[in-house]
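Spelled out from the first residue to the last, the chains are:
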Amino acid sequence: MNAEAEAGAVSPAATGAEPTRNVRIWRPLTDVVETAEGIVLMMEMPGVVADDVDITLERRVLTVRGRGSSPQPDRFRLVHLEFEPGDYERSFVLSEDFDAARIEAVLKDGVLTLRLPRAAEVQPSKIQVRAA
Amino acid sequence: MLHPLTLYRADPFALLRRFGETLDRMPFGTAAPAFPPLNLWQNEAAVAIVAEVPGVAPEDIEITVKDDVLTIAGQRQPPGLPQGAVWHRRERAFGRFTRIVRLPFSVDPSQVEARFANGVLTIALQRPEDQRPRRIEIKAG
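As they're listed, the protein sequences go chains C and V. Under my numbering, residues 34 to 165 are what the first sequence spells out, in order. Under my numbering, residues 5 to 145 are what the second sequence spells out, in order.
So here's chain C without its partners, still in its complex pose (with noise of 0.2 Å):
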């Protein structure tokens, strides 16, 4: 990526084209849980920087996306795997409005805590009955 940049060369994401990267892509296991205030997702990502997560959330959909690094130790050979270094990528349906604004996203030892409020206008309202 480096050396593109060195070279003159546009970023994908200034183009808007779709930075590829060849490499896999894993589902972070997911742990969700549900308090007072909202909802609570802890996501296993290791290998991710806070600066390579990217959550979105349209309409209803909570994309989460983290670049995960693999470094290549030099002049070893690899002699026995079991895991692959990648990026991760999950996608949740929510059940009903959150507050996208006051989404809080903590990144700790690998682990991704979402923390999701209820939007103020989705709490249940009386609605009162004119007599005619």
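Rather than coming from a laboratory, the hints here were simulated on the basis of the structure. Possibly wrong hints are sitting among the right ones.
Sample of chain C residues lacking proximity to chain V, with all beta carbon distances greater than 10 Å (derived) [stated by the list, open to error]:
1) V56
2) I58
3) D64
4) E67
5) A69
6) G80
7) E129
Some chain V residues judged to face chain C by a derived CB distance under 7 Å, without partners named [as the list claims (entries may be wrong)]:
8) L42
9) W45
10) A49
11) Q130
12) P132
13) Q135
No residue lacks a Cβ here, since even glycine has one placed at the ideal position from N, Cα and C.
Using the hints, position chain V against chain C.
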């Protein structure tokens, strides 16, 4: 769709080998995969082990080395949740874990370096200087 065989025409066994590699990665059996998953890299002087340990604080990991045996132990703490929280989906696992790895050679316990970043643990182990393979010069005459 392009048949994979057309891509590997130079090596007739490449496809078979690829198939074998794919099989190796498939999670067969009902047993849970070992935690943490490890990748092992080596050269003639050192071994590097990379492990994925998401959700484990570095202070909860204990690494011990004796001769050619490396032990990684620790605990995955469940998240602290407020009272009345309801679980909708539970995919992650918690609890104690231990993995014992036999290394390809004995290592120098004083030269082990472990790093932890973003849920990935990297351990570098050096082979003692006197046990490394030495290149023998051939003398003329």
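Here is what the structure says about each hint:
| no. | hint | in the structure |
| --- | --- | --- |
| 1 | V56 | holds, 15 Å |
| 2 | I58 | holds, 15 Å |
| 3 | D64 | violated, 5 Å |
| 4 | E67 | violated, 4 Å |
| 5 | A69 | violated, 6 Å |
| 6 | G80 | violated, 5 Å |
| 7 | E129 | holds, 13 Å |
| 8 | L42 | holds, 5 Å |
| 9 | W45 | holds, 4 Å |
| 10 | A49 | violated, 9 Å |
| 11 | Q130 | violated, 13 Å |
| 12 | P132 | violated, 18 Å |
| 13 | Q135 | violated, 18 Å |
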